Amino acid sequence: MTRGSRRLLSALLVAAVSLGFLLPAAAQAARDVAGELRKERGRLLEMKEREEKTALELTEALREEKRSKGRVGEMQARLTRQRSLLSRIDRKISALNKRLEGTEKAVRELEAAHGQARTDLQRAEVVAFAGQRAEAGDPWYPSARERERHFMRVYLAADAEGVARITRARERKEEELSGLERQVAVTERKMAREKKVGDTLLSRQEEERRRLADIEREKKRKEKELKSLRAKIARMESVVSRVERQVKERERRARKAAAGGSAAREPAETPRRFASLSGGLSAPLAGKVVTRFGRQHDTTFDVTIENRGVEIEAPSGASVMSVGQGEVAFAGTVSGFGNVLIVQHGGGLFSVYGRLEAFLVKQGETVKKRTVVGRLPGSPSGKSVLYLELRAGGTAIDPTSVIPLDS
Amino acid sequence: MSGQPSLWWIDWRLSRAPLVRETIGRFLFLCLLGFALLSLLLSGGASRFLADRYAITAVLRAGVPAAEAEGLARKVAALPPVRSAAYRDPEAAWKEFLRAYPGLDPLRDAGGNPMPGYIEVRMRPDRLTGADVAFVGSALRSVSHVEQVLAGEEWLPRQLRAGRLASGACWGIFGAFLAGFFVVGRLQERARAVALAGDFAFLAERGVPSGRLAFFRAAGAAVSGFLLAATGTAAGGGALLLSLRTFPSLEGVIGPPSDLLLPRTVVAVALFACGAALLSAAASLLGWRAARSGRK
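Those protein sequence lines, which keep their order, are chains E and Y.
For the first sequence, counting from 1, position 155 maps to 155 in our numbering; every step adds exactly one.
For the second sequence, counting from 1, position 188 maps to 188 in our numbering; every step adds exactly one.
Because the hints were derived from the structure by calculation, they are not lab data.
Quick caveat: nothing in here was measured; it's all calculated off a predicted structure.
Where hints are given, some of them may not hold.
In silico SDA-like cross-links for lysine to any residue, where the CA-CA straight-line distance does not exceed 25 Å [as the list claims (entries may be wrong)]:
1) K95/Y <-> A144/E
2) K95/Y <-> A157/E
3) K95/Y <-> H150/E
4) K95/Y <-> R149/E
5) K95/Y <-> Q116/E
6) K95/Y <-> V163/E
7) K95/Y <-> E125/E
8) K95/Y <-> R118/E
9) K95/Y <-> R145/E
10) K69/E <-> Q296/E
11) K95/Y <-> A130/E
12) K95/Y <-> V126/E
13) K75/Y <-> A144/E
14) K95/Y <-> P139/E
15) K95/Y <-> A160/E
16) K95/Y <-> L121/E
Model the full assembly from the supplied sequences, consistent with the hints where possible.
Shown next as structure tokens:
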């Protein structure tokens, strides 16, 4: 229920109370007005229900929007992380590819060197074999020939060792190459997987954005509807105020007529201030003010709302006491406030207690200060909220300015 | 007897011209023999030829410092059968290898030099025997720096045997020439004795004993043979010296000219001259006897 509807309800109730209790002498004259008021009240309640429904839908839309924005933000963050991861993987793949190229080059060079070494060895073997067959060297110097043959064996052994060394190096490089290729393949698979995840995230983000746009459209539609309803309520409030004024006027006339019929003239009741109430005021219960009076900005929905009263958080089932002496003017159900109790303190002063679970006094019953008038409902969280509104001369005033409340 | 004429150089007085021819012939022959003798003495037959071409190669392990290798070479050179020992570093070995297999030069541009250093040990020609080679080889193998010893164990005995045969052949030929010298000398002595038979008969009639005549003739032949051999050998030595100076490569086969003046060479030449004197005397006596008996 919105603050506007609360104000309207309060006005309506005040008017009804005024009609029902303050002017019993002019009851006949006020009956027509009361009937009109009942009709207006019915229409107003209907409109309020619609407003509440729309407001609830809007609230839900706002929550959904917030959730959706949260999801979009989360997805954005995930996408950013994903992009960072992809970038890292890309860099890793680049580095691996670079290493791969280097190793491939090394393998190619080793293969070329291996081929050259093998060719050299074969040529050396041919030369050695030819020399052996032709009995190379000076036959008159057999020692030198023997030494040269020994050197040829040394040469061939060194060449063979060189070929074997290059072969081993090539095998090592090829192993390294295959390891790198495996690494690249694994990394590429990982990258493909992450890209897929990124694509999924992107599509989900896109979907969420579309949904958000739908929500935005819905929100705008609801806001428009709510605005329209509020305008209607305002008009209705205006009507109620007018009726209230008419009631007061009739009440004044009735008193005047009554005064004309009797010797003593009863002076008109002048509006009083809560501070001047006999016995003073006390807190309805021990609790903490969680919603303040006046214009308040709701960070959840990013809207500014006008509070006509305060909300006091207290333990579930806590007793609610009258803030001062008076008479119960109204005890009934009001849409959006649950069970509502209105205490008339006289002089145009009223205190309104909403969201009660049960009434412990009856309409018309006189109450004193700190008389327990009702009880807060139970809640799984163990905490409940009492709506408290104070009205003086048809105007809502800040309860914390006249009653000591924890804030 | 004091009135009798001297029988020294009787042939020279009786037959001067033929004797001059024979003497010139003998001198030239002895020059040739002297040359051969000196060559054989210096070369030791085929020993110097073999020793000049034979070397023991001690292949060193990789990483042996040059200073240590050179020290080892000096120690090896001090062994009695060794004529010289020289260290060749890996670079020299590589160059030697490439000289033998020039086609392999470009094949190892990047491979570096795989050759080890080595010590080349050369034997004295007179100590080039299987036992001395084995001694030096075992001495080298006992050194830790030496990885392998190449001493030609497979072919050296064969070469030594061939060298011995060649030396024997050379000395045989020399002996044959010497025998030829003797035979020719005998024939010349006989021919001269026949030619001078009348003169010798006249002297015999005058009371000169034939034995005495033969002795003096033989003595004269011996003296002339000694002198001819000595001078001929000297001339041959001169020719050999000239040849060695002209063709230094011959030194590898024959030997250095300085060996000509070694005492053993001089003694050998003296013995040769004595031998030639004896052969000349024998040829003279045998020729005399043949002439007297009418044999050829």
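Hint by hint, which ones does this structure get wrong, listed from lowest number up?
Checked against the structure, no hint fails, so every one of them is satisfied.
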